[in-house]
Amino acid sequence: MRRRIITLVIFAVAALAMFVCTRLSLNAEGAALSSLQRTARQRRVAPARSSSRATRNYGRFLHESNAHKKLSCNDCHKTPTSNWRTASGFPDVADYPAHDACINCHRQQFFKGARPVICTICHTRVSPRDESRFAFRHPSRARQFVAEFPHDKHQDVIARGGGGSFRPDASARTRFMPALFVATAHATQEKPTQYNNCAICHETNARLPAPPVGGWPDGFTPPAGTFKTVPTSHASCFNCHWKSVEPVRDNCAGCHKTASAASVALDASPRISNKFIHMREQHVAECTSCHIHITAATTLRGLKPDVPISTCAPCHKTSTDAEIVTLEKEFDRRKQDRNFTCAKCHTSEVGRRDVPTSHAALFE
Amino acid sequence: MSPSGTTSSQNLERQVVRLRVRPKIGGETKGLARKRFYLIKGGLEANRNFVEALKQTHMLSRECYYRNVGASEAFIRWLKENDCESVYCREAEAKDVEGEKAVPEFRAAFANGRREFGSRELALKWLTVNLREEIRNGFYRRQQATLDALIKQAEDASKATVVSVMTDRKGTAYFTDLEPGTYLVSNLVPAEIGSKGILWTCELKIKTGAHGTETPFLISNQQDKNVKCIGLEQPLPACEKMDSRTSSFH
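Those protein sequences? They're chains W and L, same order as listed.
For the first sequence, this note's numbering gives the first residue as 1, with consecutive numbering after it.
For the second sequence, this note's numbering gives the first residue as 1001, with consecutive numbering after it.
Bound conformation, chain L alone (with noise of 0.2 Å):
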C-alpha cells in the first residue's frame, strides 16, 4: 500500500501515520466516525491545481439528493433519524415497512418482497432488492462518481496510486507502508456533518525514520494545539433541481 506504487515492505523506512479526524460537532468534539479519507503523493503546492478543483466541486447533500429523485418526507426523515447516508447503513424495522409510522418506499418494497418469496421475514431482511435504484443506491454511485473523478485527476497530476481507509468509530485511521515524503490528506467531498460541510485538504510530512514509525495527524474543524490542519467548513448548498435522466443540474 504505498502512493507511489511500489510494494517492497522490506524497505526499512516506510511508515504509519495515525489519522484522527475529531471535529467540533454540536458543541460537542468527537471522532468523526466512518469517514474515507485519502493520501495524495506531493504537497498543498504540488497539488495546487487539484485542490483548487476540489474546492470548486459542487457538492449535493444527502437531502438534496433524496428530494431530487422524488424520496418520500418519510424516507428522508428515516435516514435522518437513523444517521444514515443510505438504506445499507442499517437494517429495517416492522415499523418502517407496515403500521402508521411506515415509510412509502419500504411498504411497497416489503408488499413486493412478500409476494415474490412469500415470506414476512425474507421480505424485510431482504428488503432492499426490491427498492428502485435512485432510492437504493444513487446517491452512492453518485458520489462514488465523483470521487473517481476526482481520484483519477490526482493521480493523474502526481503520477501517482492514491490509497484511502475509513475511519473508525472513535474517527481513527491508519495510512502504513508509507515512504517519507510529502502528501496531501483530503476527504475530496465535504463530510457532512449537520447544516454544514468540511473539506479537508491537509499536508502531511513524513520525515525519515525507522521502519514502522507512528506519525501522529490530528484535523479538525477547530484551532488546537495538537490540531495540525483546519478543514474548510461551509454551509451546505441549497437545493438545485437535479435531472433525474441525467443526474446533472439545472
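Just chain W, same shape as in the assembly (with noise of 0.2 Å):
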C-alpha cells in the first residue's frame, strides 16, 4: 500500500513537472506561435474532419482547390500589405497572407506535429522562433495564375491624341517613347515630348537571354538588351487601376485567371529571325510598327509577339547597293540553289527551310 502510494505521489510530481515545463517552454517560443495559438482560440473552429485529408499534401497551396476556390481573393490576400514600402516601393501585395487567413480551416494542420509541413508553403524554416518567409511570389514554384491583358484596349487608352492629329503644327519630331533599345541614342539632344507606349510596361531586359534548349542555334547568342521584359508586379497596373478604373487592387480575378496547367515564364518568346538586332539605329521604332498583330490583341491567350515579313519588306526586299544583302538577292540565290541557307536574318535551322509562301508573295 505504502510503496502504491509512493508510485502515485512520484507520477503525480512527473505530471506536474510536465505540465509546468510545457507551459514554461510556451511562454518562451515565439510571438508567431503565440498569436497563432490566440487566433485559434478566439475562433473555436471545429477541426478538420474529412478523412481524405490524411492523404493531401499540406506544403503545397493550390488556389484552385475545391475549398479556395469558394473564397474571394481580398479573403486572404490584404492590399496592400504592410510591407509595402519596403518590398515594392508603392501600395501592393507584397507579402503572404496572415496566418488568420488560413487557421479558421486548418487549425489542425498547423499544430500537427513539431514542424507542421503547412508552415513550408511560406515560411523558410519551421520554428516558432523565426518568421522569415519566401519572397512573394515565391521565385521558383509554379505559376498557378495566368494573366489577362488586352493590348488593344490599353493602347487605345494611352495611345489616343499624340503625333500631331490635333494639333496642326506639331513638327515632326519624333514624340512617341520610343522602344527604348538605343539607351543613348536622344542622350544628348533635348529631351523631346515623351507619349506613353509599349515601354511603360515592356522595359529592356538588360540581361542575356536564356539560351533554348539545346542551345543557341550556329552559336548565336543575342545580346543583353535584345528583348523587352515581361511585366511580373503590379508597378505598371496598380498606377492605373489601384482604386479607380477596373479591375482594381482587390479584384484580382480581373486580371489573373487560374491556369489550366502551371505556367512557366518564358525569360523570351521563340523566335524565327534571330539575328534581328532591336539596337541597331534603323531599327529603332514604335513597337507596334513590326509588332503588328499587338493593337488588335484583346487577350493574351494565343498572342504572339510575330513580326509578319511585310514589315521588313519597306526597307530589306531591295537595294540598290550591292553590298547590302536583301530578301531579293537572299531569295534569287534559293532559286539557285535549293541548299542555300538565308543567313541575314536567320539562323541556320530557319533559312533552310522552305521559303513561305509570305516571302514568296512580296516578289509576285
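Hints are not guaranteed to be accurate.
What the hints assert, rightly or not - Here are the simulated lysine-lysine pairs, PhoX-like style, with alpha carbons at most 25 Å apart:
#, chain 1, residue 1, chain 2, residue 2
1, W, K317, L, K1030
2, L, K1207, W, K317
3, L, K1170, W, K317
4, W, K153, L, K1125
Just so you know, these hints were derived from the structure itself, not from any lab.
These two chains come separately, so use the hints to put the complex back together.
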C-alpha cells in the first residue's frame, strides 16, 4: 500500500513537472506561435473532419482546390500588405496572407507535429522562433495563374491623341516614347515630349536571354538588351488600376485567371529571325510598327509577338547597294541553289527551311 | 484574324493589306498616328445603311467633352499642348501639379496622392488614380460606347467579325490574314484633326492571290494619284450642352 502511494506521488509530481515545463516552454516561444494560438482560441473552429485530408499534401497551396475556390481573393490577400514600402515601393500585395487567413480551416494542420508541413508553404524554416518567409511570389514555384491583358484597350487608352493629330502645327520630331532599345540615341538631344507607349510596361531586359533547349543555333547568342521584359509585378498596373479604374486592386480575378496547367514564364519568346537586332539605330521605331498584331490583341491567349515579313519589306526587300544583303538577293540565291541557307535574318535551322509563301508573295 | 471569323491560317489565299493614312494637316501631308481603323466585311453598297448611320453619328469633340464636364481651362490647355486625348497619353510633370502653371485638377489629385501614399514621387506617378472619372477616362469611355454600338451594328449587318488595327507613328497599319473579297475600311468616328473631323468609309477589294500578298491602300483627305480613298472632312461641330448625369445632349 505504502509503495503504491509513493508510486502515485511520483507519477503526480512527474505529471505536474511536465505540465509546468510545457507551459514554460510555450511562454518562451516566439510571438508567431502565440498569436497563432490566440487566433485559434478566438475562432474555436471545429478541426477538419474529412478523412481524405489525411492524404493531402499540405506543403503545397492550391488556389484551385474546391475549398479555396469558394473564397474571394481578399479573404486572404490584403491590399496593400503592410510591407509595401520596403518590398515594392508602391502600395502592393507584397507578402503572403497572415495566419488568420488559413487557420479558420487549417487549425489541425497548423498544430500537427513538431514541424507542421503547412508552414513550409510560406516559411523558410519551420520554427516558432523564425518568422522569415520566402520571397513573395515564391520565385521557384510554378505559377498557378495566367494574366489577362487586353493590349488593344490599353493601346487605345494611352495612344489616343499624340503625334500631331490634334495640332496641325505639331512638329515632325519623334514624340512617342520610342522602343528604347538604344539607350544613348537621344541622350544628348533636348528631351522630347515622351508619350506613353509599350515601354511603360515592357522595359529593356538587360540580362542575357536564356538559351533555348539545346543551346543557341549556330552559336548565335542575342546580346543582352535584345528583348523587352514581361511585366511580373503590379508596378505598371496599379498606377491606374489602384482604386478607380476596374479591375481595381482587390479585384484580382479581373486580371489573374487560374491556369489550366501550371505555367512557366518564358525568358524570351521563341524567335524565327534570331539575327534581328533591335538595337540598330535604323530599327528604332514604335514597337507596333513591326509587332503589328499587338494593337488588335484583345487577350494574351494565343498572342504571339510575331513580326510578319511585310514590316521588313519596305527596307529589306531590295537595295541598289550591291553590298547590302536583301530579301531579293537571298531569294534569288535560293532559287538557284536549293541548299542555300538564308542567313541575313535567320540562323541555319530556320534559314534552310522552304521559303514561306509570305516571303515569295513579296516578289509576285 | 479573319473578318469571316474563321481561323484557318493554312489557307493559301490569306492576304495582307498595308493601310497608310496620310492626310494633309496644316499644309503638310503626314501619317496619321495612333488612330484605330476597322475592317468590315462587304463594300459600300452592301454596307450602305451602315455608312449612312456613320455619317449621322453625333461627333463630340475633345474640347466640347471636357468643357461639358467642367474641366478647367488649364486642363484643356494641357491636353492641347501635349496633343493628348486623355491624361493617359503621357505622364504629368512636377510643373503640372505645383506652382503657378499647375493644372487645378492635377494639383488636387497630387495633394490627395501625397496624403494617401506619403510620397511626392508616387503621388505624381499615380496621379490619375485620384482624378475624378469624367476627367480621367470619361472621354475614352464615351467614345468607346459609340464605337461598340457601331461595331455591333456592322457585325449584325455583315454577319462577320469586325477587326481593327491602330496606325503607328507613320500612319501605317496592317490588316493580315484576309480572305479575298470586298471590305469597308473606316475609322467609324471622325478623327479630330485641327478644327476638322475626318471620317473615312473606303471600299477595299482584295483579289485572289498567293498567301501573304500585300495590297497597299493609301487613304487621305487630299486627291492624289496613289490615294485610293478620300475621307469626308467636316468642321468640328459647335459644342452643345451635355447632361453630365446621362451623357446625352440637349
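Hint-by-hint comparison with the structure:
Distance hint between W/K317 and L/K1030 is fulfilled; the C-alpha atoms sit about 23 Å from each other, no more than 25 Å. For the hint pairing L/K1207 with W/K317, the CA-to-CA distance comes to about 22 Å; that is within 25 Å, so the pair holds. Simply put, L/K1170 and W/K317 have alpha-carbon atoms about 19 Å apart, close enough for the 25 Å limit, and the pair holds. Of the pairs offered as hints, the one joining W/K153 and L/K1125 holds, with about 21 Å between alpha carbons and a cut-off of 25 Å not exceeded.
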